[in-house]
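With the hints as extra help, turn the sequences into a complete structure.
Chains as they are written, first to last, in our numbering: chain A, 1 to 147; chain B, 1 to 83.
It should be emphasised that the hints constitute simulated quantities derived from the structure, not laboratory data. Each hint should be verified, as a subset may be incorrect.
[What the hints assert, rightly or not] With the Cβ distance kept under 8 Å, some of the chain A side facing chain B (calculated, not the full set): (1) Q88; (2) G92; (3) S94; (4) I115; (5) L118; (6) I124; (7) W137; (8) V141.
The beta carbon of each residue, even a glycine, is placed where N, CA and C say it ideally should be.
Okay, here's what each chain looks like letter by letter:
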Amino acid sequence: MAESIKVKVSNNSLSIDEAYQFVASPQNGAVNIFVGAVRDNHQGKEVLSLTYDAHPELAEEVFAEICLEATKMWPDIRCYISHYIGYQDIGGISVVIAVGSGHRAESYEASRYLIEELKKRAPIWKNETYADKSAAWLDGVSLCRIG
Amino acid sequence: METQKIIIRLFGAFRALGSELVVEVGEHETAASLKKRIAGQLNGQLSILAEDSVIASTKRILADHESLEERIGLSLLPPVCGG
Numbered sequence: 001m002a003e004s005i006k007v008k009v010s011n012n013s014l015s016i017d018e019a020y021q022f023v024a025s026p027q028n029g030a031v032n033i034f035v036g037a038v039r040d041n042h043q044g045k046e047v048l049s050l051t052y053d054a055h056p057e058l059a060e061e062v063f064a065e066i067c068l069e070a071t072k073m074w075p076d077i078r079c080y081i082s083h084y085i086g087y088q089d090i091g092g093i094s095v096v097i098a099v100g101s102g103h104r105a106e107s108y109e110a111s112r113y114l115i116e117e118l119k120k121r122a123p124i125w126k127n128e129t130y131a132d133k134s135a136a137w138l139d140g141v142s143l144c145r146i147g
Numbered sequence: 001m002e003t004q005k006i007i008i009r010l011f012g013a014f015r016a017l018g019s020e021l022v023v024e025v026g027e028h029e030t031a032a033s034l035k036k037r038i039a040g041q042l043n044g045q046l047s048i049l050a051e052d053s054v055i056a057s058t059k060r061i062l063a064d065h066e067s068l069e070e071r072i073g074l075s076l077l078p079p080v081c082g083g
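Below, the structure is given as structure tokens:
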């Protein structure tokens, strides 16, 4: 993996500081950090918690691939992606994406690219638990077009 | 025709079946034919979901037409929703 890229899937709490430290550098005048968190509602239903499932090896491969694509589109950026797996309460951090770049435009654009591609391509799934104690796996994006 | 039992790792909604599924496959198998066999072993919504899923190794998603060279570490991946 390129020295400017760090990715991981983890069942430990994610660290925003770790993301910042990785992408910050003397050459970078901008750091953009995106944090995804568990919200308490989905399509009108009250959500109590969320459990993330992932294919960890493949998810990290996909993260690295997406980051590599971003570094080709926005040269000289530094990219960081970490995604949580396991049980998470409301407000818990599910994903941290950070991009360091010379100027702000690249970090905003690359950060948006990373999260949008992650949502479409990374083998990760969400199981929501609702106030009535029922639970459901959320619908997602089919990977059939990628294969 | 010789057949072989292989283990498929399960994720997401397929976890309802456990963490793995044993599938009997033939000598000349593709990702698409494996998916069809898996769908045939399942019922209702999970069978429909299997049709909309992909077969993957630990490194990449296999194209439907690809033959199963490597038969260890294969997974069935339903539609994804990370983030």
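Restraint satisfaction for A/V141 [CB to CB of chain B, less than 8 Å]: 5 Å, holds
Status of the A/I124 interface restraint (C-beta, 8 Å, chain B): Constraint on A/I124 satisfied, holds at 3 Å.
Interface hint outcome for A/W137 [beta carbon to chain B under 8 Å]: 4 Å, holds
Satisfaction of the A/Q88 interface hint, Cβ to chain B closer than 8 Å: 12 Å, violated
Hint check: 8 Å Cβ-Cβ cutoff, A/I115 to chain B: Result: holds, 6 Å to nearest chain B Cβ.
Given hint A/G92 near chain B, where the shortest CB pair must fall under 8 Å: 13 Å, violated
Interface hint outcome for A/S94 [beta carbon to chain B under 8 Å]: Holds. Min distance 7 Å.
Status of the A/L118 interface restraint (C-beta, 8 Å, chain B): 6 Å, holds
Hint compliance for this structure: hints 1, 2 are not met, and every other hint is.
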